[in-house]
Amino acid sequence: MQGRASCSESTVNSWDVSDFFDNWTVQVRKGLLEFCVLNALAEKERYGYELVKTLAALPGLGVTEGTLYPLLSRLRVQGLVRTWLEESPEGPARKYYAITHEGRKALAMMREYLDALNAGTGILRRKGGAE
Amino acid sequence: MITWTDTAKEELENYFNRIRPGLEASGADASEVIEDIRRHIEQEAAAAHLTVLTSSDVNQLLAKIGAPQPEPPQTPTQPATSSASEDKPPPIAPGG
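Just so you know, the protein sequences line up as chains F and G, in that order. Just so you know, this note's numbering puts the end of the first sequence at 241, numbered straight through with nothing missing. Just so you know, this note's numbering puts the end of the second sequence at 100, numbered straight through with nothing missing.
Check before you lean on any hint, since a few could be wrong.
[As the list claims (entries may be wrong)] Pair ranges (Cβ atoms, derived):
| no. | chain 1 | residue 1 | chain 2 | residue 2 | range |
| --- | --- | --- | --- | --- | --- |
| 1 | G | 71 | F | 198 | 23 to 33 Å |
| 2 | F | 234 | G | 21 | 47 to 57 Å |
| 3 | G | 71 | F | 149 | 21 to 31 Å |
| 4 | G | 21 | F | 140 | 48 to 58 Å |
| 5 | G | 35 | F | 238 | 45 to 55 Å |
| 6 | G | 29 | F | 223 | 20 to 30 Å |
| 7 | F | 219 | G | 29 | 52 to 62 Å |
[To be verified] Part of the chain G face toward chain F, derived, beta carbon under 8 Å:
| no. | residue |
| --- | --- |
| 8 | 36 |
| 9 | 46 |
| 10 | 47 |
| 11 | 52 |
| 12 | 54 |
| 13 | 72 |
FYI, nobody ran anything at the bench for these hints, they're computed from the structure. For every residue, glycine included, the Cβ atom is placed at its ideal position computed from N, Cα and C.
Only chain G is shown next, with the shape it has when bound in the complex (with noise of 0.2 Å):
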């Protein structure tokens, strides 16, 4: 059984608000990762014996599990544009 301290449960929910956004435009189901990615880390943290998993721990073990999807900047440097807008192909002009 593995105890979880304030701050690394704090540290793993900041961790997910921040992905959520780019996880629900993947057309992943964002909440089913966000599990997936919480019982990994419970499983590598079982796997190294870890009995207390501190905030430290919860760095650690996501600097190494790596990002689902890039995090969004933290200040913005250009303008938002719209998601669906920029998947869409380019329009391919009649006769070409």
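Same shape as in the complex, but just chain F (with noise of 0.2 Å):
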């Protein structure tokens, strides 16, 4: 059994590990997007360059301002989000995002289930000892 732990081992290195950090990254991130976007309306509403904006330059969260608005038109289809025009004296006319009485009711699910992973994780980390 020794010998195999050490052939496993000798096989992995630092561009593997990176690797696989990149796709649990990715992941992670992907489903992360509509909580950070109900989270962002939840607090005001927003038009849809600010939005995107705020949510492409929020640290970690590594998405492109052109992955955003199929994100929106998803959430407003499914009734979480409403939008509306308005004429602004500074270019185009602005679509404004606010979240709905259901989007309240679906991030406040997402809360509460991101607490108890979060409680959950931080158990096994715990156990696992922290570095």
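Using the supplied hints, reconstruct the complex from the two chains, each of which is provided in its own coordinate frame.
Here it is, written out as structure tokens:
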């Protein structure tokens, strides 16, 4: 068994770990995008350009501006956000987004779920020993 | 007021034609997303104080905002398969 363990370890290099980590963060970020959008809108209504710029600048989220418009459209189709257009003196008309009652309900469920998940993973991390 | 050159308009429309199938398959309202991206580009151009938008400007802005969906390859490298069947979970064996 000793030889087997050392053989496995010898195949792992820093590139593999980096690759693994990149793939993992892609999955995590993908699942968190809707949560981030709903949180941003729970604070206040925002126009699309501002909302997209805010989320694209969020550290660690690693989302491009173009990726967010399909997501916002899906949230509108699902009834979690609502939109409207307002004329702007500074340029093209602004499309505003606001969270709906259903969106707030979904956000509350997501927050509760993530809190429970965080507590659960916290227990595992403590058992595994924090580094 | 921003003036679009003809090639800039053409560049953007070609881009929208390429991304539309992916948007439609994603569950988003493709026409809505296309208008959102068009509006975003106009706001970027206004923020940059551009008065004339060329195809080069459009390409730079599109590269900056990133593709909403992975664009399909120019030439298919493998037989097309139904995206609906790809989304289905694998069948669960009875009793498994």
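Against the structure, the hints:
1. 71/G x 198/F: 23 to 33 Å: Between residue 71/G and residue 198/F, where Cβ atoms are some 26 Å apart, the hint holds.
2. 234/F x 21/G: 47 to 57 Å: holds (48 Å)
3. 71/G x 149/F: 21 to 31 Å: holds (25 Å)
4. 21/G x 140/F: 48 to 58 Å: At 26 Å between Cβs, range violated.
5. 35/G x 238/F: 45 to 55 Å: For residue 35/G and residue 238/F the Cβ distance comes to about 49 Å; the hint holds.
6. 29/G x 223/F: 20 to 30 Å: Check passed, 28 Å falls within 20 to 30 Å.
7. 219/F x 29/G: 52 to 62 Å: violated (27 Å)
8. 36: Hint holds; residue 36/G Cβ to chain F Cβ min 5 Å, cut 8 Å.
9. 46: holds (4 Å)
10. 47: holds (5 Å)
11. 52: violated (11 Å)
12. 54: Interface hint status for residue 54/G: violated (11 Å vs cutoff 8 Å).
13. 72: Hint holds; residue 72/G Cβ to chain F Cβ min 4 Å, cut 8 Å.
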